[in-house]
Structure formats: structure tokens, C-alpha cells
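If you read the protein sequences in the order shown, they are chains A, B, C and D. So for the first sequence, our numbering puts the first residue at 1; every next one is plus one. So for the second sequence, our numbering puts the first residue at 1; every next one is plus one. So for the third sequence, our numbering puts the first residue at 1; every next one is plus one. So for the fourth sequence, our numbering puts the first residue at 1; every next one is plus one.
Source of the hints: derived by calculation from the structure; they are not laboratory data. As the structure is a computational prediction, the values presented were derived from the model and not from experiment. Every residue gets a Cβ at the ideal spot worked out from N, C-alpha and C, and that includes glycine. Keep in mind that the hints are not guaranteed to be accurate.
[As the list claims (entries may be wrong)] Covered, in the sense of this in silico footprint (three residues per stretch, anywhere, with C-beta under 8 Å from a C-beta of chain A), are these stretches of chain D:
| # | segment |
| --- | --- |
| 1 | 53-64 |
| 2 | 74-86 |
[Unchecked claim] Below, a list of computed lysine-lysine pairs in the BS3-like style, where the Cα atoms sit at most 25 Å apart:
| # | chain 1 | residue 1 | chain 2 | residue 2 |
| --- | --- | --- | --- | --- |
| 3 | B | Lys154 | A | Lys43 |
| 4 | D | Lys146 | B | Lys239 |
| 5 | A | Lys9 | B | Lys258 |
| 6 | C | Lys146 | C | Lys21 |
| 7 | B | Lys43 | A | Lys20 |
| 8 | A | Lys135 | A | Lys239 |
| 9 | B | Lys157 | A | Lys35 |
| 10 | B | Lys154 | A | Lys258 |
| 11 | A | Lys47 | B | Lys239 |
| 12 | A | Lys338 | D | Lys88 |
| 13 | A | Lys297 | A | Lys4 |
| 14 | D | Lys29 | D | Lys41 |
| 15 | A | Lys154 | B | Lys258 |
| 16 | D | Lys87 | D | Lys4 |
| 17 | C | Lys146 | C | Lys81 |
| 18 | D | Lys41 | D | Lys88 |
| 19 | D | Lys23 | D | Lys4 |
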Amino acid sequence: MDTKVIKSKFPIFKNKIKGKPLIYLDSANSSQKPKTVIDRISKFYSKEFSNIGRSVHSLAVTATNRFEETRDLLKNFINAKSTEEIIFTKNATEAINLVAATYGEKFINKGDEILITELEHHANYVPWHFVRQRKGAIIKFAECNDKGEVDIDKIKKLITNKTKIIAITHLSNVTGAIMPIKKIVDLASEKKIPVLVDGCQGAPHLKIDMQELGCDFYAISCHKMYGPTGVGVLYAKKKWLDVLPPYQGGGGMIEEVKKDNITFPGSPTKYEAGTLQTAEVVGFSESIRFIEGVGIKNIIQHEKEILEYGLEKIKKNNSIRIIGDPKNRGSIISFTIKGIHPHDIATILDEEGVAIRAGHHCCQILHEKMGIAASARASLGIYNSKEDIDVLSDAIKKCNKVFNN
Amino acid sequence: MDTKVIKSKFPIFKNKIKGKPLIYLDSANSSQKPKTVIDRISKFYSKEFSNIGRSVHSLAVTATNRFEETRDLLKNFINAKSTEEIIFTKNATEAINLVAATYGEKFINKGDEILITELEHHANYVPWHFVRQRKGAIIKFAECNDKGEVDIDKIKKLITNKTKIIAITHLSNVTGAIMPIKKIVDLASEKKIPVLVDGCQGAPHLKIDMQELGCDFYAISCHKMYGPTGVGVLYAKKKWLDVLPPYQGGGGMIEEVKKDNITFPGSPTKYEAGTLQTAEVVGFSESIRFIEGVGIKNIIQHEKEILEYGLEKIKKNNSIRIIGDPKNRGSIISFTIKGIHPHDIATILDEEGVAIRAGHHCCQILHEKMGIAASARASLGIYNSKEDIDVLSDAIKKCNKVFNN
Amino acid sequence: MDIKELYQEIVLDHGKNPRNKKKCEGFNKDAKGHNPLCGDKVHVYLKLDDDNKVKDISFEGEGCAISMASASIMTETIKGKEFNVAKKILEHFINMLKEGSKISINSLSEDENTTMMSLSGVKRFPMRVKCATLAWHTFIQAAEGKKETVKTEK
Amino acid sequence: MDIKELYQEIVLDHGKNPRNKKKCEGFNKDAKGHNPLCGDKVHVYLKLDDDNKVKDISFEGEGCAISMASASIMTETIKGKEFNVAKKILEHFINMLKEGSKISINSLSEDENTTMMSLSGVKRFPMRVKCATLAWHTFIQAAEGKKETVKTEK
Ligand SMILES: Cc1ncc(COP(=O)(O)O)c(C=O)c1O
Ligand SMILES: Cc1ncc(COP(=O)(O)O)c(C=O)c1O
Numbered sequence: 001m002d003t004k005v006i007k008s009k010f011p012i013f014k015n016k017i018k019g020k021p022l023i024y025l026d027s028a029n030s031s032q033k034p035k036t037v038i039d040r041i042s043k044f045y046s047k048e049f050s051n052i053g054r055s056v057h058s059l060a061v062t063a064t065n066r067f068e069e070t071r072d073l074l075k076n077f078i079n080a081k082s083t084e085e086i087i088f089t090k091n092a093t094e095a096i097n098l099v100a101a102t103y104g105e106k107f108i109n110k111g112d113e114i115l116i117t118e119l120e121h122h123a124n125y126v127p128w129h130f131v132r133q134r135k136g137a138i139i140k141f142a143e144c145n146d147k148g149e150v151d152i153d154k155i156k157k158l159i160t161n162k163t164k165i166i167a168i169t170h171l172s173n174v175t176g177a178i179m180p181i182k183k184i185v186d187l188a189s190e191k192k193i194p195v196l197v198d199g200c201q202g203a204p205h206l207k208i209d210m211q212e213l214g215c216d217f218y219a220i221s222c223h224k225m226y227g228p229t230g231v232g233v234l235y236a237k238k239k240w241l242d243v244l245p246p247y248q249g250g251g252g253m254i255e256e257v258k259k260d261n262i263t264f265p266g267s268p269t270k271y272e273a274g275t276l277q278t279a280e281v282v283g284f285s286e287s288i289r290f291i292e293g294v295g296i297k298n299i300i301q302h303e304k305e306i307l308e309y310g311l312e313k314i315k316k317n318n319s320i321r322i323i324g325d326p327k328n329r330g331s332i333i334s335f336t337i338k339g340i341h342p343h344d345i346a347t348i349l350d351e352e353g354v355a356i357r358a359g360h361h362c363c364q365i366l367h368e369k370m371g372i373a374a375s376a377r378a379s380l381g382i383y384n385s386k387e388d389i390d391v392l393s394d395a396i397k398k399c400n401k402v403f404n405n
Numbered sequence: 001m002d003t004k005v006i007k008s009k010f011p012i013f014k015n016k017i018k019g020k021p022l023i024y025l026d027s028a029n030s031s032q033k034p035k036t037v038i039d040r041i042s043k044f045y046s047k048e049f050s051n052i053g054r055s056v057h058s059l060a061v062t063a064t065n066r067f068e069e070t071r072d073l074l075k076n077f078i079n080a081k082s083t084e085e086i087i088f089t090k091n092a093t094e095a096i097n098l099v100a101a102t103y104g105e106k107f108i109n110k111g112d113e114i115l116i117t118e119l120e121h122h123a124n125y126v127p128w129h130f131v132r133q134r135k136g137a138i139i140k141f142a143e144c145n146d147k148g149e150v151d152i153d154k155i156k157k158l159i160t161n162k163t164k165i166i167a168i169t170h171l172s173n174v175t176g177a178i179m180p181i182k183k184i185v186d187l188a189s190e191k192k193i194p195v196l197v198d199g200c201q202g203a204p205h206l207k208i209d210m211q212e213l214g215c216d217f218y219a220i221s222c223h224k225m226y227g228p229t230g231v232g233v234l235y236a237k238k239k240w241l242d243v244l245p246p247y248q249g250g251g252g253m254i255e256e257v258k259k260d261n262i263t264f265p266g267s268p269t270k271y272e273a274g275t276l277q278t279a280e281v282v283g284f285s286e287s288i289r290f291i292e293g294v295g296i297k298n299i300i301q302h303e304k305e306i307l308e309y310g311l312e313k314i315k316k317n318n319s320i321r322i323i324g325d326p327k328n329r330g331s332i333i334s335f336t337i338k339g340i341h342p343h344d345i346a347t348i349l350d351e352e353g354v355a356i357r358a359g360h361h362c363c364q365i366l367h368e369k370m371g372i373a374a375s376a377r378a379s380l381g382i383y384n385s386k387e388d389i390d391v392l393s394d395a396i397k398k399c400n401k402v403f404n405n
Numbered sequence: 001m002d003i004k005e006l007y008q009e010i011v012l013d014h015g016k017n018p019r020n021k022k023k024c025e026g027f028n029k030d031a032k033g034h035n036p037l038c039g040d041k042v043h044v045y046l047k048l049d050d051d052n053k054v055k056d057i058s059f060e061g062e063g064c065a066i067s068m069a070s071a072s073i074m075t076e077t078i079k080g081k082e083f084n085v086a087k088k089i090l091e092h093f094i095n096m097l098k099e100g101s102k103i104s105i106n107s108l109s110e111d112e113n114t115t116m117m118s119l120s121g122v123k124r125f126p127m128r129v130k131c132a133t134l135a136w137h138t139f140i141q142a143a144e145g146k147k148e149t150v151k152t153e154k
Numbered sequence: 001m002d003i004k005e006l007y008q009e010i011v012l013d014h015g016k017n018p019r020n021k022k023k024c025e026g027f028n029k030d031a032k033g034h035n036p037l038c039g040d041k042v043h044v045y046l047k048l049d050d051d052n053k054v055k056d057i058s059f060e061g062e063g064c065a066i067s068m069a070s071a072s073i074m075t076e077t078i079k080g081k082e083f084n085v086a087k088k089i090l091e092h093f094i095n096m097l098k099e100g101s102k103i104s105i106n107s108l109s110e111d112e113n114t115t116m117m118s119l120s121g122v123k124r125f126p127m128r129v130k131c132a133t134l135a136w137h138t139f140i141q142a143a144e145g146k147k148e149t150v151k152t153e154k
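The task is simple: from the sequences and hints, build the whole structure.
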């Protein structure tokens, strides 16, 4: 893959950071946007804008069609059975909150168990914490091993007759561990336990096929998929959407409104209250087209190469500890440098034009487990090259130099 | 005000609808966007994009600053006491859901009363319906009179010792009635009852000063203020944000995360979970600048002129019934034509390039009260002129002609 | 194209003076339809005999000219026809609304065909297709004895 | 500018070998500070005498070089000074970090001044200002006897 060509499609790379070319290694946080996405949003506002679904005038018809086209595209992209299974949310966080709130309200009671892992992002823990508080439920954490992965046996052991849902990440945003979702779904379905997958890091970096994975819920963050901010997606099997209560209430999600009662339509309408992120969803259609244009297989292959190159190169630096060493790993390298705090690393790297993230990456439980308060994280996107890794590696050496170690 | 100049700032007006100039009279649904807003979003994605608040690299610092600048601007625009009182949400609907869910959870119990009016948009009823269901609370509807306004006495009469909140629209999106918020707040504060104002139609068309209004909560829809889709705002008095529980859980809104407990920071952080609508919020800063550039006083004056001109002109048509005749009225004209269904009106008007909305405008209760299932609605924005009204009026005559009445 | 192609005389006539707008006597099936977006409502009453023939059909409701005309035309057209034929007609009707194709069903008289075709202008107005099909879907619902209200959503 | 202006020798030295990093004996006030974004934590122990003089001060915690150095430098600088003087120093310190102004306080020795000024490089790194001020805010919190953890948010 020619990353020069790819980079040229992302306007951000025309900019210099502190006089140096931008080496963007923070895609797990949020990815950059190709010109086609940016221009689609401008074009939508300039030529097609109207509120959707609510008016019969021409602009509204066009806007509605563009919006629903994205739902169609996405349905095919993730191989959902129907567009009714695709709900647009504000972000992946809202998608998980939606499930926790509605499923929690209807199916989780005092003493019931919610099974998550020590790898989870706060987005896949805090919403369940609220259910715990509200319902008196119990949260069980499947343990993460030294390699930064969760063994499926650890999950198996924690499943009981009280387990009401398993909520698990597809790809850890700290260790890069890829979880064996299909196997976990098989395990869970023996006991008819639904599985929610936090697909924030899965969707941009793996082939995601809902029929193959078989999970009940899958949360997506569009801004990590080269898409606009302000949109997330909840995929949910129709059988759940048919029985779960609505989440937020407002215009567009009602059927009949009386003073003493309100009835609701089916999905996705039931879950899309108020004015939607029209321009953002329309813009996102170009992200899907972009990913499909490059080809998800090519993306996987390319990122694998860069990841391996990066791991090898960085491991050579003796002062570095890489967080986790999962067998099955996605495009993330979290690390610490002896004697240098991750925040200081990030600052020094930034002087070299290298953008990484430092902190707990919304995974305090995992960091505590690893015995650290914070780490530095380099995460890959489709635009990264081996040269980017070389710059990163040199910048890390600079950290050692500044700190005289 | 020279609407030609104003229109030239909105790229959408360069487009033809069915070969005719676009006459956009659907701003109460969603307003069009000036070029400065559209370009700001493009520029942000092209030159400054990064996830905010979470990284220390240069892009993240810039993005965070741009984002928080908007909060500052908005704080001044609505005269809030501090930026801690400004929470960014997905839309106004989410803002009201946030209050209903958190205030409802903490302060509303079985038998308690929620006081709303028959004018309310579904966004200011359905969330309270959920509280009613969950808590066994009672919703009381202050009656709307023939003029399409709610007399303050009707509200006064319904206040009891069980009233826990008053939730009320600032400007009806059907009749245009402007409610006397300050007086209602005075009434409510005697009994220490908080007042939530649905400011969706207030914010784009009225001077909104939180210190003057004195309300406890105010919900805003940015896409109706010439801003991007995907952003709403909840203004809330700090004293409430200090005591209300969090709403959605996830990254960014936590303080310390342990397996058995989680603590949360103060507002607005507590209420902004997950990746925010970065580009949209940054784009919204240009909407505020645009409104301030034209001047809210000028906007009010201009829209008043057009409204009066429109009302007079449309009233001349004997087959028309205008819905409501409030003393204090904002820039909305809802109407029906004898013998012609609103949907048919909208279709015929669209052939003339005139975009209006037909339906119940998310106000079924109000429409039922008025004895109709639907109405046609022409709503004004800063870009509308008397000529637009002339085209509307001719197009309405065309409806009469098509239907031979 | 002129807006008159959507609002043809036949459509306006049926819209203003809908035929069979009542509860027909002796109906043995009925169903409700609802378009929450615009508030169109229809209630179809049906007398289906043992051979699945539409002995009588009528409707009540309120809505736009297109939905009322379509309901009225439907009742006129399928009264006396087999349920299967009615289904076939609906298929052709939907194709006409969506693809612009002609209706060609042997069991339709020339008059009936002309009347049905008067709704062909809807094709250019995709947001109005639901108005034109609501009564038909409700009729199918009634005939098949399903209980839920037919809903045309976003 | 070189990154070395941020990480000056004095800063690195205090970062690696922080002074007064312990629980000082006989402290009568203490407070905790926390930066949830990066996990920096600090716990300040303070012995304030009846005349509001800082008899002793120390800290415990973990965090980046800037936050540790700043905490260490703070304890060295304000030990033995009046609380009011300490507050004045903090004011100048914050102005230095935000506006780039010099610190000019009579009661600071030349050495103390140089040491404080070693953190002036932070100005160019707005995201790091919180790191440099966390310990100071926590000290104020302790001195004023407030109970809540100091939090530096977004
Ligand atoms: C009065 C009123 N309240 C609430 C809303 C809902 O706003 P939003 O769709 O932005 O959530 C609207 C607009 O649809 C409105 O006009
Ligand atoms: C694994 C994982 N889950 C959830 C999230 C939250 O996604 P969002 O911020 O888009 O809601 C993220 C990203 O921050 C993530 O990496």
C-alpha cells in the first residue's frame, strides 16, 4: 500500500507541527478525515441541507434519502440483517449506555450478574456501574493476564445462571488484544446470554461481520473510522430491539401521543429521538466508501506490517516496557519508558511532530492491574508508514537523551 | 436589514428547487447554515482536528482550546454565570432527557407532579412520561386557550405542594406564542420549584439572558441557530449540577475508577461522556459570531416585520385558518386551508420552491386541542424577506386553484 | 410537469367525495392503518366470503387527498374481486408508484385501469408513496386477519 | 526553542530526586490533589504554626517530571515562609507559567528565584500548566483546611 497516496487524501497532513511533518499516531483516540468526508459535509450543508424525515419538501426528501443511504451502506458493511438493526447515536459511549439502560431496566434485577473484563474502556464499565447502582446487580471482571489479554477460560468460569449479559471489547485500546468474540458468543449462547461487543477499535481495524460474529449488540464510533465526530452506531439484533423499551424520548420516536399514554414505533425510529446528526451521518457514508475503496483486507495487512515493524523496532530500546504481548493483536502499542513519565514522553514526542497519547486511556482498571498509573500509546491508522515508526523511534531516543538515561 | 446580503451568506440559496429560487420557510424545523459555519468545520477537520481533552500533543491542545472557546462564547451569549453551567449534548431533546432522567431519579417520587403545558413539543413531554412511568409521578397539563397561548393563571392554579418541576416552552413551535418565563419563574420560586425552559425556538429568535429569565434549566438546539447538526446545549444552574447524578457513563466523565466504585468530577465534565461533537461545537462558535454580527435586536426587529406582513397577507385569504393568535408571538405561522390537507399544501408549495412543513410538528396534544390532525407551518429565519412571503402567498393561491376552491 | 398531473381530476374527485367511506354492513374483517408522520389514519372494513372473494369493502379515516383518493379508488376497484387478484393489483400499483410502470391486469376493466392510473403522478413525489399505499396495506392486514395497526414509518 | 528549556537541569534534578518527598513529622494539615486526565497525584503535608508560618512541608505522590519537580521546588521554597508570602509566590508563579512574566518577590533569595524560574519553560506547553500547579493548589487547600481533593479537570 502506498501511504504517500493515502496521506495525500487527508488534508491534515499538509500541516506542520512545530515546523515538522505531522506523524499522527493517535488514531485509537480519533482518526483523521479524508477530504471526501470533509467535502461531503460541506456539500450537504451547501446544497442539500434540511431536517430529515419530518417535512415533505424537496430538500427534506433529498436529505432523508442521503441519511438513509448511509444506513444501507453500513448495514452491508457490517453485514447486518436489516437496516432496522442500525441505530445512529452520538458516539459509541451512547450506544453502550442505550443498551445498559434499556436492557438493564427490563432484564437485570437484584443479584443478577453483568460480566465484563479488566480490559474494558470506561465506556464499557461506567454504564454497567449505573445498572449495578440502580438495580443492585453485580459486576464481575474476567481477569486479564500478563500478556494483556483475557483468556476465554476466565470468562467461562465466571458465567453462572445469574449472568444476564456479557459486555466485552473487540480490540483492547491499550494492549491491542483481539478477543475471540465468536467463541465467547458460542459459550454465551449455550446459556442464552446476550453478548455486547465494544467495537470501537474493532470496526476501524478488523473485518466486522455481524452474522459471523453472532453477537447481540455491537457499538461503533464513527470518528475512529475516518468519519465525522458526533456519530456512533449501535448494531443490535432485531429480536432485542423489538422487546427493549425506548431510551431517550422526544420528536420522531413516537407513534401516538395522548395525555395519559404514548405509544412507540419499531426500530430504528424508536431509538432516534430528536433531530439527528444529519450532516455527520451523510458525511460518514464517505468514510465507508473510503474504507471499502482501500479494502478492509488491505488495511488489515498494511497495519499488521507496520505494527510488527514497530514492535520489533521499539523493543530494541532497553528502557522501554511494552504493555501486553497478546497473541492476537491489533494496531496499538502502549508502552512506558523507565524513569520518564508518559506525559513527559508525549511532550517531547510532540516537539518532533509525533502525536501520541499519554494517560490511562480510559482504562484505569487495566492500568492498575499492570501496576502503572499511565502509559504512552502509539496507535496506527491507514495512513501510517514504516517511516512514521522510524520517526517515533528516534523521538523516543530523544526522550532518553533529554532525561539523560 | 438587507436580506439579499444575508441570503448571500448562505450557500444553500444558490440552489434552485424545481427550477425556482428556494424560499425556505422551515427554519423552526432546522435553519440553514452560513458559509462561515460550513467553512469552519472544514477548516477544523483539515488543519486542527484531534480528539479533545485527552492528549497532550499540539493538535489536541488546539482542538481543546477551540472547543472550550465555544463554551465561553455561549456563556456570554446567554449570560450564564460560568462555563460550568454549559453542557454540550446531542440535541435539545437530549438536554431535556438529561434533566428528566437525573432530576427525576433524585427528586421525583410516587405521586409527585410534573407541570407542563398543552403547547409542549414531544421533546418536552415524552422524557417526563418516562419519569411518570418509572416513578409513578403525575403529569399535569396547563391548558392552552383558543389563541394558542397558555395563560399564567392556568399554570398558577395547577401548582401544588407536590409540584416538583415546571417544564415549559419559551416559544411555541406551532402557534408562535411566547411564554412569560420570568413571571413563571417568579411564581415557581415562591414554592422553590425549578423551571425548565425548552428554548429551541427561543434561542434563535429572542434575546436570551439566563440572569434575566432566572430559570433553572434551558435547552437549546444549535442546528436551529444557524449551527451544525449534532449539537445541543443544556444550560443549568450550578446548584443543580452539583447535586444531580451523572447521566451517561463513559470516558472523560470520571474521576477515579475502581472495581467496586466510581467517582465523578464536577460539571460540565460529569455530563460529557465519550468523544464529543468536536467539529460541530467548534463550528457552532461561528453561528454565535454570525448571530452577534447581525445583532439579536436586529433579528428580532426584522422577523417581527416579516411576521406581521405575513400574518396580514395570509389572513386575507378566506379559506385559511391561522392556528392561534397569541398576543406575544414569535416568527411562526401555522395554518390550515379549508378542504386541502396540509400534506397536499406542502407538496404544491414545494413545486413553487417554497419549503414549509406539514404535520403535527411533534405537538399532537396541541393539534388535538385545536381539533385538527395536522397543519401547515411557515417559520421564519434571519434570511426571509417580504418577497418570500409574497411567493408563499401566491403559492397558497395556487393550492386553492389546484383544488378548485 | 405540472402539479396537476399529481392532482388529476379523478384524484381530486375521489379525495373530495370518497366512495364507500363508511362502515360497511356485515363486515367480517377490519384493520387500522396509521402514518404517524402526517397523521393519516385509515380503518378498512372488509367482508370476505369463504372463497376469499371481496364481497364488500369500505373505509373510514382522514388524511391528505392522495390517501383518501387512494382508499376510495381501492374500495371501488377490488369490490367483487378475488383476494389474490387484489394482491396482484396492489403489486402492479406499487410498481407504478415506484418505477412508473403501467398497470396491466386482465381482470381490470378499462375504466378501473384509468382510475388506478390517475395516481401515477405520485411517482415523482417519493414522500407521498406512503399516502397512496396506506389503505392498501391496511386492506391486506385486514384480509390476513392480523391485529396490529399498519404503520408507515420514516 | 529546544525541549531542554522545558526540561532544564534543575527541573530534571528535582523530578528525579524530589526533596521532602515523605510525610513530615508533626504535620497539622494535609490535602490531596489529583489530575484525573493523566493520573498525577499528590498529597501535601503541612505544619502551619499559630502565626500562619510554614514550619514544615512535604509531599507524597506520583506523576510526570514537571509535577514532581514543581512539588519538590515548592516545598523547598516555602518552608519557613509566611502563608501570605507563599500565596504571593504562587501568584507570581502562575503569572510566569501563563504570561511568561518574571518572579519578583523580595523574600525570595536569588537561588530560590532561579530554582522557581527553572519551570518557566512550561509556558509554551499549556497542557502542562496543570502539572506545574497541582502541588501548589493542594498546598493552599491544606493550609485553608478544606477537605475535598483538589482536582484539575479538562
Ligand atoms: C419547541 C421545540 N422543542 C424541542 C425540539 C427538539 O429539538 P431537537 O430536535 O434539536 O432535539 C424542537 C425542534 O424540533 C422544538 O421546536
Ligand atoms: C475501546 C473503546 N471503547 C469505547 C470508546 C469510546 O468511544 P466514543 O468516545 O466514540 O464514545 C473508545 C474510544 O475512546 C474505545 O477505544
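These are the hints, each one checked on the structure:
1. 53-64: holds (count 3)
2. 74-86: Contact hint for the segment 74-86 of chain D vs chain A: violated, 0 residues under 8 Å.
3. Lys154(B) / Lys43(A): 48 Å, violated
4. Lys146(D) / Lys239(B): Given pair Lys146(D), Lys239(B) holds - Cα atoms ~19 Å apart, limit 25 Å.
5. Lys9(A) / Lys258(B): 42 Å, violated
6. Lys146(C) / Lys21(C): With Cα atoms ~22 Å apart, Lys146(C) and Lys21(C) stay inside 25 Å; holds.
7. Lys43(B) / Lys20(A): 20 Å, holds
8. Lys135(A) / Lys239(A): Holds, because 23 Å separates the two Cα atoms, which is no more than 25 Å.
9. Lys157(B) / Lys35(A): 58 Å, violated
10. Lys154(B) / Lys258(A): 20 Å, holds
11. Lys47(A) / Lys239(B): It is violated: about 44 Å lies between the C-alpha atoms, which goes past 25 Å.
12. Lys338(A) / Lys88(D): 36 Å, violated
13. Lys297(A) / Lys4(A): Within the cut-off at roughly 19 Å; holds.
14. Lys29(D) / Lys41(D): Distance of about 17 Å is within 25 Å: holds.
15. Lys154(A) / Lys258(B): Status holds; Cα separation ~20 Å.
16. Lys87(D) / Lys4(D): Given pair Lys87(D), Lys4(D) is violated - Cα atoms ~29 Å apart, limit 25 Å.
17. Lys146(C) / Lys81(C): With a Cα-Cα distance of about 21 Å, the restraint between Lys146(C) and Lys81(C) holds, given a limit of 25 Å.
18. Lys41(D) / Lys88(D): 24 Å, holds
19. Lys23(D) / Lys4(D): 31 Å, violated
In this structure, the earlier hints numbered 2, 3, 5, 9, 11, 12, 16 and 19 are contradicted, and the remaining ones agree with it.
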